[in-house]
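Asker: Each chain, letter by letter, is given below.
Number of protein chains: 2
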Amino acid sequence: MESGQYLVALLIFSFISTAYPHSVIQIRRENHNSVAYNRIYDGRRVRRDDDMYCESWKFSVETNDAGYWSQIPSRCEGYVKEYMTGDRYRSDLEVIADDSLAFAKTVEVAGNGKDAWVFDIDETLLSNLPYYAAHGFGSETFDENSFNDWVDLAEAPVLPASLRLYGELKQLGFKIFLLTGRTESQRNVTGKNLLYGGYSNWERLILRGSSDTGKPAIVYKSEKRKELEDEGYVIHGSSGDQWSDLLGFAEARRSFKLPNPMYYIA
Amino acid sequence: MESGQYLVALLIFSFISTAYPHSVIQIRRENHNSVAYNRIYDGRRVRRDDDMYCESWKFSVETNDAGYWSQIPSRCEGYVKEYMTGDRYRSDLEVIADDSLAFAKTVEVAGNGKDAWVFDIDETLLSNLPYYAAHGFGSETFDENSFNDWVDLAEAPVLPASLRLYGELKQLGFKIFLLTGRTESQRNVTGKNLLYGGYSNWERLILRGSSDTGKPAIVYKSEKRKELEDEGYVIHGSSGDQWSDLLGFAEARRSFKLPNPMYYIA
Chain Y
551 MESGQYLVAL LIFSFISTAY PHSVIQIRRE NHNSVAYNRI YDGRRVRRDD DMYCESWKFS
611 VETNDAGYWS QIPSRCEGYV KEYMTGDRYR SDLEVIADDS LAFAKTVEVA GNGKDAWVFD
671 IDETLLSNLP YYAAHGFGSE TFDENSFNDW VDLAEAPVLP ASLRLYGELK QLGFKIFLLT
731 GRTESQRNVT GKNLLYGGYS NWERLILRGS SDTGKPAIVY KSEKRKELED EGYVIHGSSG
791 DQWSDLLGFA EARRSFKLPN PMYYIA
Chain E
551 MESGQYLVAL LIFSFISTAY PHSVIQIRRE NHNSVAYNRI YDGRRVRRDD DMYCESWKFS
611 VETNDAGYWS QIPSRCEGYV KEYMTGDRYR SDLEVIADDS LAFAKTVEVA GNGKDAWVFD
671 IDETLLSNLP YYAAHGFGSE TFDENSFNDW VDLAEAPVLP ASLRLYGELK QLGFKIFLLT
731 GRTESQRNVT GKNLLYGGYS NWERLILRGS SDTGKPAIVY KSEKRKELED EGYVIHGSSG
791 DQWSDLLGFA EARRSFKLPN PMYYIA
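Chains as they are written, first to last, in our numbering: chain Y, 551 to 816; chain E, 551 to 816.
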């Protein structure tokens with residue numbers, strides 16, 4: 551056997567062997583020194599296996615592999631809290647803003663005012679983290695009344711990475727469209743909150759009107775993008791924390807999925 | 551101020567304050583006890599900031615936010631190695647197989663033999679990890695000749711979660727189509743490797759023919775799915791580690807993105 555073949559055989563053995571429980575236990579034991587094994591959430595000890603599972607659960611919801619989900623798995627409530635309040639959420643948003651901007655800079659802006667970028671609002675431009683922090687980070691059943699009370703405060707903080715991207719896109723000549731599941735009755739507080747946060751000079755703020763009541767978000771948002779296309783706009787980019795912000799029809803040339811392990815809107 | 555408002559104000563303050571460097575430093579200091587701060591890769595100390603960045607980079611490539619990328623960032627080479635060889639890759643695959651199966655069980659199989667599921671092969675049914683382990687886990691420039699030598703060995707191990715899913719889908723009555731970027735010249739070794747790994751009774755193994763040479767994967771795979779649709783097949787599900795396995799036209803009703811931070815095929 552040549553040394554190259556020997557290496558391949560060894561690697562195959564080590565790969566296959568981990569499929570068996572005994573070997574998995576050995577591997578986990580080796581890893582104890584290199585990764586955090588126990589963490590404390592709300593005084594509760596969470597095993598590393600929960601962290602592993604929750605990382606995989608997050609992968610599956612962020613790629614849309616999981617499809618519709620109504621609730622954070624109970625074992626992942628602490629994980630979601632840590633993710634949302636820690637540096638990683640902010641880090642993810644910065645990298646996605648960089649991706650978005652890198653693409654935007656490749657677009658040849660036509661100069662006819664028809665180059666569009668569509669932003670969702672909640673968990674995309676503005677953060678409702680203060681509200682969700684007081685409501686179990688998405689683990690409680692959604693209460694529309696208390697959420698609307700929070701929206702009426704017009705105090706949702708901005709997501710800094712999105713504010714940076716928004717400003718750069720305007721500089722590059724894109725027209726900015728804000729397409730939100732919020733309703734027309736929330737137009738004033740929404741505009742106030744956006745301005746207070748530093749967003750300005752959007753081309754249009756599109757909210758759900760009475761004719762949109764009851765429509766799934768993915769249909770409502772696709773219809774509104776289609777209307778923009780029919781007006782002659784080219785939607786180069788679209789940014790949203792929900793797949794229903796991005797998929798359907800009249801999709802943008804490039805879509806940018808922001809993280810949100812707190813809730814799923816179909 | 552009522553206590554509810556006070557809480558909201560406090561949370562907004564704590565949220566906004568983390569946007570400033572000084573506060574970020576404080577937060578990181580607090581976290582030192584709860585998360586792994588230093589890890590050793592190949593004798594090199596990697597700062598926790600690299601881990602944070604690489605997690606965000608992985609999010610952006612797995613959601614396709616990053617779009618086309620040709621190279622793993624050099625600071626993430628150790629991260630990718632650890633991910634691919636550790637438990638997390640396998641854990642991600644198990645959760646995705648569970649998602650896929652949960653969806654498959656909701657499908658009313660027509661019983662006319664036209665209910666289809668499409669699988670990619672490399673990094674979906676079979677793993678080339680032994681090859682990539684010997685070639686920097688994707689960090690080296692792809693060398694077609696040495697990769698084809700590896701394929702000819704027909705020794706790529708199976709991904710256990712995919713083998714489980716494959717078997718369950720057959721039990722449920724789905725016809726399995728294997729749609730790969732491998733070429734017709736690799737038909738025999740590919741079939742041999744699949745059978746050796748435990749896969750059997752696929753409906754059709756579709757490889758790149760001479761007329762597919764030079765086509766982007768996303769076009770080639772969409773065309774082949776379209777041909778299946780034209781034959782009367784309903785493609786309920788599609789599983790692949792590349793977005794080019796899943797997007798384009800004639801998309802499956804549900805697509806399942808498997809992880810692959812080693813390389814990107816457009």
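For the record, the hints were derived by calculation from the structure and aren't laboratory data. Small disclaimer: the values here were computed from a predicted structure and weren't measured. Beta carbons: idealized from backbone N, C-alpha and C, even for Gly. Among the clues, some could well be false.
Unchecked claim - Calculated Cβ distances over 12 Å to all of chain Y for the following chain E residues:
{"id": "1", "residue": "S610"}
{"id": "2", "residue": "G617"}
{"id": "3", "residue": "G636"}
{"id": "4", "residue": "G663"}
{"id": "5", "residue": "E718"}
{"id": "6", "residue": "T733"}
{"id": "7", "residue": "L757"}
{"id": "8", "residue": "G764"}
{"id": "9", "residue": "K776"}
{"id": "10", "residue": "D780"}
{"id": "11", "residue": "S805"}
{"id": "12", "residue": "P809"}
What the hints assert, rightly or not - Below 25 Å or equal to it, Euclidean Cα-Cα: the simulated SDA-like pairs (lysine to any residue) are:
{"id": "13", "chain 1": "Y", "residue 1": "K776", "chain 2": "E", "residue 2": "G636"}
{"id": "14", "chain 1": "Y", "residue 1": "K765", "chain 2": "E", "residue 2": "T656"}
{"id": "15", "chain 1": "E", "residue 1": "K655", "chain 2": "Y", "residue 2": "P766"}
{"id": "16", "chain 1": "Y", "residue 1": "K765", "chain 2": "E", "residue 2": "A802"}
{"id": "17", "chain 1": "E", "residue 1": "K776", "chain 2": "Y", "residue 2": "K655"}
{"id": "18", "chain 1": "E", "residue 1": "K655", "chain 2": "Y", "residue 2": "A616"}
{"id": "19", "chain 1": "E", "residue 1": "K776", "chain 2": "E", "residue 2": "I726"}
{"id": "20", "chain 1": "Y", "residue 1": "K655", "chain 2": "E", "residue 2": "K774"}
{"id": "21", "chain 1": "Y", "residue 1": "K655", "chain 2": "E", "residue 2": "S805"}
{"id": "22", "chain 1": "Y", "residue 1": "K655", "chain 2": "E", "residue 2": "Y814"}
{"id": "23", "chain 1": "E", "residue 1": "K655", "chain 2": "Y", "residue 2": "E658"}
{"id": "24", "chain 1": "E", "residue 1": "K776", "chain 2": "Y", "residue 2": "F799"}
{"id": "25", "chain 1": "E", "residue 1": "K774", "chain 2": "Y", "residue 2": "L797"}
{"id": "26", "chain 1": "Y", "residue 1": "K655", "chain 2": "E", "residue 2": "S624"}
{"id": "27", "chain 1": "Y", "residue 1": "K655", "chain 2": "E", "residue 2": "G617"}
{"id": "28", "chain 1": "Y", "residue 1": "K765", "chain 2": "E", "residue 2": "S805"}
{"id": "29", "chain 1": "Y", "residue 1": "K742", "chain 2": "Y", "residue 2": "N695"}
{"id": "30", "chain 1": "E", "residue 1": "K776", "chain 2": "Y", "residue 2": "S750"}
{"id": "31", "chain 1": "E", "residue 1": "K664", "chain 2": "E", "residue 2": "R754"}
{"id": "32", "chain 1": "Y", "residue 1": "K655", "chain 2": "E", "residue 2": "P766"}
{"id": "33", "chain 1": "E", "residue 1": "K776", "chain 2": "Y", "residue 2": "S641"}
{"id": "34", "chain 1": "Y", "residue 1": "K655", "chain 2": "E", "residue 2": "E801"}
{"id": "35", "chain 1": "Y", "residue 1": "K655", "chain 2": "E", "residue 2": "W752"}
{"id": "36", "chain 1": "Y", "residue 1": "K765", "chain 2": "E", "residue 2": "E801"}
{"id": "37", "chain 1": "Y", "residue 1": "K655", "chain 2": "Y", "residue 2": "S641"}
{"id": "38", "chain 1": "E", "residue 1": "K655", "chain 2": "Y", "residue 2": "Y814"}
{"id": "39", "chain 1": "E", "residue 1": "K774", "chain 2": "E", "residue 2": "G741"}
{"id": "40", "chain 1": "Y", "residue 1": "K776", "chain 2": "Y", "residue 2": "E658"}
Asker: Determine for every hint whether it applies to the structure shown.
Answerer: Here's how the hints hold up against the structure:
Chain Y draws S610 (chain E) into its interface by the beta-carbon criterion, the shortest separation being 5 Å against a cut-off of 12 Å. Not every CB of chain Y is more than 12 Å from the CB of G617 (chain E) (nearest about 6 Å), against its label as outside the interface. Listed as outside the interface, G636 (chain E) is inconsistent with that label: its C-beta sits roughly 7 Å from the nearest C-beta of chain Y, within the 12 Å cut-off. The beta carbon of G663 (chain E) sits about 26 Å from the closest Cβ of chain Y, which is more than 12 Å, so the claim that it is off the interface holds.
Annotated as non-interface, E718 (chain E) keeps its C-beta farther than 12 Å from every C-beta of chain Y; the closest such distance is 16 Å. Distance to chain Y confirms T733 (chain E) as a non-interface residue, since its nearest Cβ pair spans about 22 Å, more than 12 Å. Residue-level check passed: L757 (chain E) sits 23 Å from the nearest beta carbon of chain Y, beyond 12 Å. With a least CB separation of 23 Å from chain Y, G764 (chain E) remains clear of the 12 Å interface cut-off, as annotated.
Residue placement check: K776 (chain E) keeps its beta carbon more than 12 Å from all beta carbons of chain Y (closest about 18 Å). At roughly 22 Å, the least C-beta separation between D780 (chain E) and chain Y is larger than 12 Å, which holds for a residue marked as non-interface. Not every beta carbon of chain Y lies more than 12 Å from that of S805 (chain E), the smallest distance being close to 8 Å; the non-interface claim is violated. Non-interface call for P809 (chain E) relative to chain Y: violated, since the shortest CB-CB distance, roughly 7 Å, does not exceed 12 Å.
Of the pairs offered as hints, the one joining K776 (chain Y) and G636 (chain E) is violated, with about 45 Å between alpha carbons and a cut-off of 25 Å exceeded. In summary, the hint linking K765 (chain Y) to T656 (chain E) is supported, as the alpha carbons are separated by about 23 Å, within the 25 Å threshold. Our distance criterion of 25 Å between C-alpha atoms is met by K655 (chain E) and P766 (chain Y), whose separation comes to about 24 Å. Restraint check for K765 (chain Y) and A802 (chain E): satisfied, since their Cα atoms lie roughly 23 Å apart, inside the 25 Å limit.
Taking the CA atoms of K776 (chain E) and K655 (chain Y), the gap is near 34 Å; set against the 25 Å cutoff, the hint is violated. Of the pairs offered as hints, the one joining K655 (chain E) and A616 (chain Y) holds, with about 14 Å between alpha carbons and a cut-off of 25 Å not exceeded. Restraint check for K776 (chain E) and I726 (chain E): the C-alpha separation of about 15 Å stays at or below 25 Å, so the hint holds. For the hint linking K655 (chain Y) to K774 (chain E), the alpha-carbon distance of about 34 Å lies beyond 25 Å, and the restraint is violated.
Proximity of K655 (chain Y) to S805 (chain E) is assessed by CA-CA distance (about 30 Å); at most 25 Å being required, the pair is judged violated. Restraint check for K655 (chain Y) and Y814 (chain E): the C-alpha separation of about 21 Å stays at or below 25 Å, so the hint holds. Between K655 (chain E) and E658 (chain Y), the direct Cα distance comes to roughly 46 Å. Violation of the 25 Å bound is thereby established for this hinted pair. Our distance criterion of 25 Å between C-alpha atoms is met by K776 (chain E) and F799 (chain Y), whose separation comes to about 19 Å.
This hinted pair checks out: K774 (chain E) and L797 (chain Y) have alpha carbons roughly 23 Å apart, not beyond 25 Å. Taking the CA atoms of K655 (chain Y) and S624 (chain E), the gap is near 24 Å; set against the 25 Å cutoff, the hint holds. Proximity of K655 (chain Y) to G617 (chain E) is assessed by CA-CA distance (about 14 Å); at most 25 Å being required, the pair is judged to hold. For the hint pairing K765 (chain Y) with S805 (chain E), the CA-to-CA distance comes to about 23 Å; that is within 25 Å, so the pair holds.
Between K742 (chain Y) and N695 (chain Y) the CA atoms are separated by roughly 20 Å; this keeps the pair inside 25 Å, and the hint holds. A distance of roughly 45 Å separates the Cα atoms of K776 (chain E) and S750 (chain Y); the hinted pair therefore is violated under the 25 Å criterion. Pair hint K664 (chain E) plus R754 (chain E) holds up; C-alpha atoms about 13 Å apart against a cutoff of 25 Å. Note on K655 (chain Y) and P766 (chain E): the hinted pairing holds, with a Cα-Cα distance of about 24 Å set against a maximum of 25 Å.
For the proposed pair K776 (chain E) and S641 (chain Y), the alpha carbon gap of about 39 Å is over 25 Å, so the pair is violated. For a cut-off of 25 Å, the pair hint linking K655 (chain Y) to E801 (chain E) is broken: about 29 Å separates their Cα positions. Note on K655 (chain Y) and W752 (chain E): the hinted pairing is violated, with a Cα-Cα distance of about 45 Å set against a maximum of 25 Å. Restraint check for K765 (chain Y) and E801 (chain E): the C-alpha separation of about 24 Å stays at or below 25 Å, so the hint holds.
Our distance criterion of 25 Å between C-alpha atoms is met by K655 (chain Y) and S641 (chain Y), whose separation comes to about 21 Å. At roughly 21 Å between alpha-carbon atoms, K655 (chain E) and Y814 (chain Y) fall within 25 Å of each other, so this suggested pair holds. Annotation: proposed proximity of K774 (chain E) to G741 (chain E) holds, straight-line Cα distance about 19 Å (limit 25 Å). Restraint check for K776 (chain Y) and E658 (chain Y): satisfied, since their Cα atoms lie roughly 22 Å apart, inside the 25 Å limit.
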